[in-house]
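Peer 1: For the sequence shown, full-length UniProt numbering gives the first residue as 1, with consecutive numbering after it.
Possibly wrong hints are sitting among the right ones.
The following label-pair restraints were derived from C-beta to C-beta distances [claimed, not checked]:
(1) Ala111 - Gly26: 18 to 28 Å
(2) Phe166 - Thr75: 23 to 33 Å
(3) Glu140 - Gly33: 53 to 63 Å
(4) Ser18 - Ala132: 32 to 42 Å
(5) Pro109 - Asp167: 20 to 30 Å
(6) Ser24 - Thr146: 50 to 60 Å
(7) Leu96 - Glu183: 26 to 36 Å
(8) Arg191 - Pro109: 33 to 43 Å
(9) Val188 - Gly22: 37 to 47 Å
(10) Asp167 - Glu140: 31 to 41 Å
(11) Gly163 - Gly33: 37 to 47 Å
(12) Phe106 - Lys194: 28 to 38 Å
(13) His78 - Glu21: 40 to 50 Å
Derived lysine-lysine pairs resembling DSSO-like cross-links, with alpha carbons at most 27 Å apart [claimed, not checked]:
(14) Lys2 - Lys31
(15) Lys35 - Lys6
(16) Lys194 - Lys66
(17) Lys115 - Lys6
(18) Lys46 - Lys35
(19) Lys46 - Lys2
(20) Lys44 - Lys31
(21) Lys36 - Lys6
(22) Lys115 - Lys66
(23) Lys44 - Lys2
(24) Lys36 - Lys2
(25) Lys115 - Lys46
(26) Lys6 - Lys66
(27) Lys6 - Lys31
(28) Lys115 - Lys44
(29) Lys179 - Lys73
(30) Lys35 - Lys2
(31) Lys46 - Lys36
(32) Lys46 - Lys6
(33) Lys73 - Lys194
(34) Lys6 - Lys44
(35) Lys115 - Lys36
(36) Lys194 - Lys179
(37) Lys46 - Lys31
(38) Lys179 - Lys66
Calculated directly from the structure, the hints in this document are not laboratory data. Computed from a predicted model, the values in this text were never measured in an experiment. C-beta: ideal position from N, C-alpha, C; glycine also.
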Amino acid sequence: MKTREKILEASIELFTASGYEGTSLGAIADKVGIKKPSLYAHFKNKEAIFLEAVEIGEAGYHDLLKRMINEQKGTAAHILRSLLEEAVAAFEEEHLLSQFYYRFLFFPPSALEEKIRSITTQGTRRLDALLADIIERGQEEGELTTELTIEQMLRSYLCMLGGTDFDIRYYQHSSVDRKAYLEMIWSVFWRGVKA
Numbered sequence: 001m002k003t004r005e006k007i008l009e010a011s012i013e014l015f016t017a018s019g020y021e022g023t024s025l026g027a028i029a030d031k032v033g034i035k036k037p038s039l040y041a042h043f044k045n046k047e048a049i050f051l052e053a054v055e056i057g058e059a060g061y062h063d064l065l066k067r068m069i070n071e072q073k074g075t076a077a078h079i080l081r082s083l084l085e086e087a088v089a090a091f092e093e094e095h096l097l098s099q100f101y102y103r104f105l106f107f108p109p110s111a112l113e114e115k116i117r118s119i120t121t122q123g124t125r126r127l128d129a130l131l132a133d134i135i136e137r138g139q140e141e142g143e144l145t146t147e148l149t150i151e152q153m154l155r156s157y158l159c160m161l162g163g164t165d166f167d168i169r170y171y172q173h174s175s176v177d178r179k180a181y182l183e184m185i186w187s188v189f190w191r192g193v194k195a
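Produce the entire structure from the sequences given, and follow the hints as far as they go.
Peer 2: Right, here's the structure in full:
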């Protein structure tokens, strides 16, 4: 692993644990095993490290979902259901990165809030487009209702996905509970969107 990658990996861990303000360049350098001045050979300042870490978190989150979507075949219902199940499992496996992502999505450093929003908005638009295509196809094939707009179903699905991830993360359901929990959540969503 190159030094730049080590710096980013260490910074994600430290920013997650201590926040932006609570993480010093010295702490990042110590964790990597280099001297603080050596950081400047790779990054201009702490803000540059942080923003690149946010970009990595954003890209990782959306690349994961995009890969899952692209790997799925079948009906819109099958794809959306499978994505929900796989995403929840993956978010648990990538615990540190998802903790970092959520921390700075919900509680960004005030001085960097606009820059973070710009980064996350780009990723969100890409994900929205992928999911909207699945929903539109489901409507065209008569599987999903046309009484709701694509946007209504998309927003509902994203709320379900994000809320389920948050709930499972903080209430730590067992794998048996998680399966029953996801079934309950899905059944309500599906009842509302099926044709």
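Peer 1: So which of the earlier hints does this model not fit?
Peer 2: Violated hints: none; all satisfied.
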